[in-house]
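Each chain, written out:
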Amino acid sequence: MEIQFFLSLICGVFIGGIAGFLGTLMLSKRMALVAGPLGHLTLPGVALALIYGFDVSLGAFPFVILGIILIWLFEIKTKLPMEALTAIVFAFGVATAFLFLPVEKAESALVGDITKVSLSEVIITIISCLLVFFLVKKVYSKMILINISEDLAKAEGINVKKYNFLYLFCIAIVVALGVKMVGGLLTAALVAIPAASSRNLSKNLFQYTLLATIFGIISSVLGILLFKITSLPAGPLIIIVSSLIFLISTIFKR
Amino acid sequence: MKELILKVKNLNVKLNGEEIIRDLSFEVKKGDVLTILGPNGAGKTVLLKTLLGILPYQGEIFWKPKIKIGYVPQRLPFIKDIPLNVKEFFELKGISKKKTKEILNLVGFKKDFLNKKIGDLSSGQFQRILIAWALSKDPDVLLFDEPTTGIDIAGQKTIYYLLKELKEKRNLTIFLVTHDLSVVYKFSNFVICLNKCPLCQGPPKEILSPGVLEKLYGHEVKFYQHHKH
Chain A
753 MEIQFFLSLI CGVFIGGIAG FLGTLMLSKR MALVAGPLGH LTLPGVALAL IYGFDVSLGA
813 FPFVILGIIL IWLFEIKTKL PMEALTAIVF AFGVATAFLF LPVEKAESAL VGDITKVSLS
873 EVIITIISCL LVFFLVKKVY SKMILINISE DLAKAEGINV KKYNFLYLFC IAIVVALGVK
933 MVGGLLTAAL VAIPAASSRN LSKNLFQYTL LATIFGIISS VLGILLFKIT SLPAGPLIII
993 VSSLIFLIST IFKR
Chain B
296 MKELILKVKN LNVKLNGEEI IRDLSFEVKK GDVLTILGPN GAGKTVLLKT LLGILPYQGE
356 IFWKPKIKIG YVPQRLPFIK DIPLNVKEFF ELKGISKKKT KEILNLVGFK KDFLNKKIGD
416 LSSGQFQRIL IAWALSKDPD VLLFDEPTTG IDIAGQKTIY YLLKELKEKR NLTIFLVTHD
476 LSVVYKFSNF VICLNKCPLC QGPPKEILSP GVLEKLYGHE VKFYQHHKH
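Respectively, the protein sequence lines represent chains A and B. In short: position in the first sequence from 1, add 752, done, that's this note's numbering. In short: position in the second sequence from 1, add 295, done, that's this note's numbering.
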């Protein structure tokens, strides 16, 4: 029982931290909400994982990738705005999932559940988080320059397409991990809120990334502790703690 | 005979099927200050970006081999959304703290600006930071898009005097995009008038006759009046 709690905490620290870190890039690219639809469209994969009892993130990951590819293909083909296509693809994901998702599993699919993670899931989580951490760290300066101006980045000889691809790949992994912790409904909050709180308080890029990561970790740890005390679902508690940190940050906004 | 920096021959640029630049040819020599003049939508910025290699084109663009180019873009509206200080902005392209200090000094920041947040700078200060940023890898050529948009008159003068000074100190070749005629006479030794197709080119005093200017800017006015009826 105590080991189980410890495993959940480790998972929370890693996923919360990496989501906060990546969130700073997504917020500065005005893409913070993209994690929302992507989280929703993982639901068929999550449903499969819950029914057959394998790692939710493993079920979610191929669906995020599929979703990103579909949105990208539709955009080339139809020239419709990205947001409309995202809406179509994610609604399709949700609708499909509810055709076969058993009612008693719906809560874990929608708001996540990391209180029952196994050791192997924790190991996969840690490895994925470290991979994303090093990738994001490697592309960070280039991505910030791309976010400031693609032309400026191109003039500096940066291969914008390559970096955007690496960045989307990182988003896909983090969404798949996030779905396990806070479910399809709340994944956007996991990346958006810590970064937003941090931006309220930061004078520079270093503080921005550091605080976002710390806020992500604190929210997860406190959320899981609150679950332990109250037995309410951990996913929503994590997001509520994160929102409270955001509220406090607005008071101290620079 | 001064060294040739850039040769452009029969340049054509089309974006989304629309012809933006048609059949443009010109040459730039070391130490030239070239002004690209024309009304809004004439293709000035497109020309700069094409020269930078960002946009696809037909025709020939020959830069002197191994030339280093610094680019100062027109606007960077998104930069203020990112908490970024001056030192970090230079770090994005791998410039050391020491070099950043040097280059900031060069553009006239005497005080310590390294830890200033980019979002807190005035537009004049920000423009000087951008010039410094473009100069930080010691380019031979500076491409400068609308240097003084959104800067007050005093600030504009500072920017142009700074450019003049930098040109002399560093032996720069400068490309300016502008629609400010006074700048052209004071700072530039070669002008290209552009309104989709090239209208004229040469030293400003020889080519900028009232007739040419009317042709350059008059088009737009007539077009506008035509639509009103």
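No wet-lab data here; the hints were simulated from the structure. Some hints here could point you the wrong way.
[As the list claims (entries may be wrong)] Quick list of in silico lysine-lysine cross-link-like pairs, DSSO-like style, CA-CA up to 27 Å:
#, chain 1, residue 1, chain 2, residue 2
1, A, K831, B, K393
2, B, K375, A, K913
3, A, K781, A, K857
4, B, K393, A, K894
5, B, K375, A, K781
Structure-based check of each hint:
Of the supplied pair hints, the one linking K831/A and K393/B is violated, its CA atoms being roughly 47 Å apart against a limit of 27 Å. Of the pairs offered as hints, the one joining K375/B and K913/A holds, with about 24 Å between alpha carbons and a cut-off of 27 Å not exceeded. Proposed proximity of K781/A and K857/A is contradicted: the alpha carbons are some 35 Å apart, above 27 Å. The suggested pairing of K393/B with K894/A holds, with an alpha-carbon distance near 21 Å, which does not exceed 27 Å.
Restraint check for K375/B and K781/A: the C-alpha separation of about 12 Å stays at or below 27 Å, so the hint holds.
The structure does not agree with the numbered hints 1 and 3 stated previously, though it agrees with the rest.
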